[in-house]
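Next come the chains, spelled out residue by residue.
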Amino acid sequence: MSKKEIMLGNAAIARGAWEAGVKVSSAYPGTPSTEISENIVNYKEIYAEWAPNEAVAAEVAIGASLAGTRALASMKLVGLNVASDAMYTAAYIGVNGGLVVVVADDPGLYSSQNEQDTRLVARSAHIPVLEPSDSQEAKDFTKLAYEISEKYDTPVFLRTTTRLAHSQGTVELCDRVEIEDKPYERDVAHNVMMPGNAKKRHIFVEQRENQMKKDACDFEINRVEMGDTKIGFITSGIAYQYVKEVCPEASVLKLGMVYPLPEQLIKDFAAKVDRLIIFEELEPFFETEIKSWGIKCEGKELFTLQGEYSANMLREKILGQKVEVKPSQVTARPPILCPGCPHRSTFYVLKKLGIHASGDIGCYTLGAVAPLSVVDTTVCMGASIAVLHGMEKAKGSEWTKNWVAVIGDSTFMHTGIISLENMAYNQSKGTVIIMDNSTTGMTGHQDHAATGKTLDGTVVPAISIYKVCKALGIENVVEVNAFDTAELERVVKEETSRDALSVIIACAPCALLKGQKFPNKVKAFPDKCKKCGACLRPGCPAVTKTEDGKIKIDETMCNGCGLCASLCKFEALEKYEV
Amino acid sequence: MTKNIMIVGVGGQGTLLTSRILGGLMEDAGYDVKISEVHGMAQRGGSVVTFVRYGEKVAEPIVEEGQADVLIAFERLEALRYAHFLKKDGVLIVNDQRIDPMPVVTGAATYPENIIEDLKKQYTVYDIDAMDEAKKLGNSRVFNNIVLGMAARHMDFTKDQWLAVIEKKVPPKTIEINKEAFLAGYGRE
Chain A
1 MSKKEIMLGN AAIARGAWEA GVKVSSAYPG TPSTEISENI VNYKEIYAEW APNEAVAAEV
61 AIGASLAGTR ALASMKLVGL NVASDAMYTA AYIGVNGGLV VVVADDPGLY SSQNEQDTRL
121 VARSAHIPVL EPSDSQEAKD FTKLAYEISE KYDTPVFLRT TTRLAHSQGT VELCDRVEIE
181 DKPYERDVAH NVMMPGNAKK RHIFVEQREN QMKKDACDFE INRVEMGDTK IGFITSGIAY
241 QYVKEVCPEA SVLKLGMVYP LPEQLIKDFA AKVDRLIIFE ELEPFFETEI KSWGIKCEGK
301 ELFTLQGEYS ANMLREKILG QKVEVKPSQV TARPPILCPG CPHRSTFYVL KKLGIHASGD
361 IGCYTLGAVA PLSVVDTTVC MGASIAVLHG MEKAKGSEWT KNWVAVIGDS TFMHTGIISL
421 ENMAYNQSKG TVIIMDNSTT GMTGHQDHAA TGKTLDGTVV PAISIYKVCK ALGIENVVEV
481 NAFDTAELER VVKEETSRDA LSVIIACAPC ALLKGQKFPN KVKAFPDKCK KCGACLRPGC
541 PAVTKTEDGK IKIDETMCNG CGLCASLCKF EALEKYEV
Chain B
579 MTKNIMIVGV GGQGTLLTSR ILGGLMEDAG YDVKISEVHG MAQRGGSVVT FVRYGEKVAE
639 PIVEEGQADV LIAFERLEAL RYAHFLKKDG VLIVNDQRID PMPVVTGAAT YPENIIEDLK
699 KQYTVYDIDA MDEAKKLGNS RVFNNIVLGM AARHMDFTKD QWLAVIEKKV PPKTIEINKE
759 AFLAGYGRE
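For the protein sequence lines, the chains are A and B, in the order given. Mapped onto the numbering used here, the consecutive letters of the first sequence carry residue numbers 1 to 578. Mapped onto the numbering used here, the consecutive letters of the second sequence carry residue numbers 579 to 767.
To be clear, the hints were calculated from the coordinates, so they are not data collected in a lab. Cβ atoms here follow ideal geometry from the backbone N, Cα and C, with glycine treated the same way. Honestly, I wouldn't trust all of these hints.
Stated by the list, open to error - Here are the simulated lysine-lysine pairs, BS3-like style, with alpha carbons at most 30 angstroms apart:
| # | chain 1 | residue 1 | chain 2 | residue 2 |
| --- | --- | --- | --- | --- |
| 1 | B | K665 | A | K517 |
| 2 | A | K545 | B | K714 |
| 3 | A | K200 | A | K182 |
| 4 | A | K230 | A | K322 |
| 5 | A | K453 | A | K552 |
| 6 | A | K244 | B | K714 |
| 7 | A | K3 | B | K747 |
| 8 | B | K757 | A | K317 |
| 9 | B | K713 | A | K552 |
| 10 | B | K635 | A | K523 |
| 11 | A | K521 | B | K751 |
| 12 | A | K151 | A | K199 |
| 13 | A | K230 | A | K143 |
| 14 | A | K569 | A | K550 |
| 15 | A | K4 | B | K635 |
Unchecked claim - Quick partial rundown of chain B residues pointing at chain A, CB under 10 angstroms, derived from the structure:
| # | residue |
| --- | --- |
| 16 | G589 |
| 17 | E643 |
| 18 | I755 |
Claimed, not checked - To spell it out: a stretch of chain A is covered by chain B in this simulated footprint if at least three of its residues, at any positions, have a beta carbon under 8 angstroms from a beta carbon of chain B; those stretches are:
| # | region |
| --- | --- |
| 19 | 160-168 |
| 20 | 330-339 |
From just these sequences and the hints, can you work out the full model?
Okay, here's the thing in structure tokens:
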């Protein structure tokens with residue numbers, strides 16, 4: 001009997017890559033794709049790395065493919081925007097060894113800044129897309145993607161969603177197949193995309209797509225499950241599971257390849273059912289194309305463009321069952337910075353000084369919400385610095401005197417570094433605070449070039465953020481301990497009032513970082529509490545009030561950073577050694 | 579028949595480990611299992627929910643409103659937030675602990691009073707101050723296995739099956755204390 005194991009969707013993708021004989025994997029962490037790399041690194045036959053960003057990751061995978069080996073890059077939806085420059089042209093070049101790029105979409109916005117649909121990018125880039133619907137398929141489709149990639153001379157996207165990536169299901173394990181490296185031959189017409197060559201490759205890209213459209217009608221992963229013909233569903237991915245949950249008797253065309261679409265297969269299926277329902281999360285991608293062929297179907301008039309789908313949605317819209325949902329008007333519990341988080345300390349100082357922050361992507365996005373309320377804008381990875389620069393150029397440096405950009409160390413290394421180059425080059429006078437907590441925090445503590453460790457834990461020379469800033473020609477670069485609020489306050493005042501570009505590196509490791517020790521805790525002495533509320537201002541979840549309004553510390557939560565104690569004038573809070 | 583279990587709590591309380599214990603248990607028992615988790619930003623002290631479904635063949639990985647057989651809540655307010663996911667004859671196991679969400683700390687909202695009493699009017703509820711029990715055992719971090727022990731009374735697996743999977747899923751150094759915690763919950767009526 002073959003071995004079975006319960007696996008996270010992302011772990012199954014990693015397993016699939018290993019079984020498929022992949023040799024190189026590159027990625028930048030991003031929820032919900034991060035665990036692919038964290039699992040792949042356990043397979044010693046694969047070289048796996050964290051790249052500084054998704055463009056680099058995609059290019060590394062392209063290089064490995066051109067050299068003749070099977071290669072993988074993985075990223076979240078918005079990471080594909082960063083990598084798309086490479087991918088649009090990789091579609092023209094094609095592959096030598098198979099090339100698969102996993103892109104994880106996030107319907108429901110669990111951990112992203114928008115709800116874009118990767119299928120639309122794929123269509124304009126002319127890259128085929130496979131979409132699994134459970135962990136088993138996540139593994140199987142990853143392997144199949146390599147066969148398709150090599151057969152059709154194309155990169156392939158494997159599209160997942162948060163629900164699939166972070167769900168576990170049973171997976172049957174197979175052995176790794178060692179794939180012989182494809183010979184490398186210099187082929188300028190194929191691999192050098194200058195206009196003369198690209199024009200010819202564009203013709204090939206179109207032919208390839210038309211061929212796949214035809215062949216896809218016979219792909220086993222595009223599966224017709226004929227049942228009751230009163231209703232037929234066309235669906236894919238996790239949405240398929242909701243259909244099976246609610247309408248197990250209905251006819252279903254389950255698309256495993258979601259681009260390009262198997263036109264004839266869809267037309268034949270549509271002709272056999274009385275009512276055709278398109279059940280797809282996010283954009284009306286199937287629906288628009290199917291309607292363009294003159295086929296009558298229902299989709300987005302029944303189901304939303306936003307968020308995740310559900311079985312209850314089908315129960316209500318298709319079966320006409322009223323699902324009794326008591327809308328629980330319960331006090332919200334939004335995510336917050338952890339106890340002992342160094343960002344809290346930095347934000348506390350900024351808030352005290354009445355400073356606005358142009359924000360970025362990371363835990364510190366939470367600096368936008370009460371009680372910190374410092375961050376005014378968040379766009380995309382690395383944007384904080386350029387947004388601040390744009391503001392200054394629009395309104396002048398007087399206007400941005402009480403502004404800073406805040407960006408984490410990992411995000412700075414990702415794309416922030418380029419924007420800082422722009423500030424230096426174009427003589428900006430703004431202040432940038434790099435909140436250096438020595439890790440990629442929000443995605444679950446991944447290393448990067450400035451931490452001095454690679455994906456597999458190898459210790460390497462850490463790139464010094466301080467020296468990088470200096471090398472850009474920035475004169476005012478100051479490193480401060482993020483928990484030293486007095487010094488941080490002095491430095492922020494000094495640098496924001498300066499008529500020149502400054503960088504403040506506020507350092508202190510993430511409270512959740514592995515190996516991080518907490519020698520202290522804070523104890524409350526409610527008798528001394530005057531209920532002034534000073535200690536509550538930084539919004540630490542370990543600091544709350546008793547019923548009579550006096551201060552209380554949850555010592556199981558407290559990490560002993562001492563920020564609250566430093567704000568108490570009445571000695572009602574005291575830091576002590578554990 | 580597919581069974582639906584939900585584990586809800588506050589990010590950082592250990593819902594992921596509990597769901598993995600449950601998943602391992604059902605896998606060992608030969609069921610088809612699907613688990614759906616929350617990673618990323620919500621884990622930072624936000625409201626988190628994990629779904630575990632098992633049966634002969636499981637389709638969707640999530641549990642929806644009105645479908646849960648067992649709801650395990652590690653915190654009172656989270657029990658209230660997700661109680662309507664329970665089936666009419668579902669069982670709610672709640673850890674009687676209060677963790678104030680930020681809007682309550684800042685005074686923008688209030689923490690509801692009498693949550694457990696009110697839930698008892700509508701649902702079958704078993705409550706325990708597992709944090710207090712865990713401190714008595716000498717390790718507050720094992721509170722979730724006390725709650726799990728209580729929930730185990732309402733599920734179709736033997737005590738030995740539970741103990742075997744706990745042994746496999748918790749860090750080796752903490753096996754004994756976690757088993758002890760489980761049994762403390764399991765012994766409660």
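Margin query: Tell me the numbers of any earlier hints that the structure contravenes, in ascending order.
Written below: 1, 5, 6, 8, 10, 13, 18
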